[in-house]
Amino acid sequence: AQTVTQSQPEMSVQEAETVTLSCTYDTSESDYYLFWYKQPPSRQMILVIRQEAYKQQNATENRFSVNFQKAAKSFSLKISDSQLGDAAMYFCAYAGANSKLTFGKGITLSVRP
Amino acid sequence: GAVVSQHPSWVICKSGTSVKIECRSLDFQATTMFWYRQFPKQSLMLMATSNEGSKATYEQGVEKDKFLINHASLTLSTLTVTSAHPEDSSFYICSARDPGFSGGYTFGSGTRLTVV
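Protein sequences, first through last, are from chains A and B. Each residue of the first sequence is one higher than the last, beginning at 2 in the numbering used here. Each residue of the second sequence is one higher than the last, beginning at 92 in the numbering used here.
Source of the hints: derived by calculation from the structure; they are not laboratory data. Even for Gly, the Cβ is constructed at its ideal location relative to N, Cα and C. Hints should not be assumed to be uniformly reliable.
Covered stretches of chain B (in silico footprint by chain A; criterion: 3 or more residues with CB under 8 Å from a CB of chain A, positions within the stretch not fixed) [what the hints assert, rightly or not]:
#	stretch
1	127 to 134
2	173 to 186
3	198 to 205
My request is simple: use the sequences and hints to build the entire structure.
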């Protein structure tokens, strides 16, 4: 079974600074998707970024980028120029052949003004 | 983009009664939908996979007789919590794979269930 590990329960970042959220996963599949989802206080799940495992190039979406290390099974999220609106819970997730999303425990990110 | 509408957003029911939560894909057909449960400050736990026209697939430990799932059409899946008890109080979220599986999943806005 696939597992997703987010070992940091909380992180804090100064506004306008950069922060990196860590995620590791375990799988025996070669083809899969990885995601970072944001859940603000409204609890609406918002897709931040996704990565196809077959793509070597790291995904980027504006201020959000990932460092995907397939061999190490690592998938970290970097948030640049942090904004107050980035404060939320962030979940790393995996989807493989069965299409089920497996989530990590999540990390609460706070942004200091 | 793909939109999933979930209703109601919150519901309070008395212990022993049943409550139904609806999940609709508004602008696409979803042959598969997923139902999650989330406790405060915890992760999403997959409860079951809802398949249009067939029985839902439940995750280990989820009582299929308590959490009835029906996926009668390509745009609607429902979760009925039967004989609800206070321990069933939680946040329930549905999701569907984006059309054409561009690699994404769209989530409903969730339902906060409180059983009193």
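Each hint tested on the structure:
no., hint, verdict
1, 127 to 134, "holds (count 4)"
2, 173 to 186, "holds (count 3)"
3, 198 to 205, "holds (count 3)"
When each numbered hint is compared with the structure, no violation occurs for any of them.
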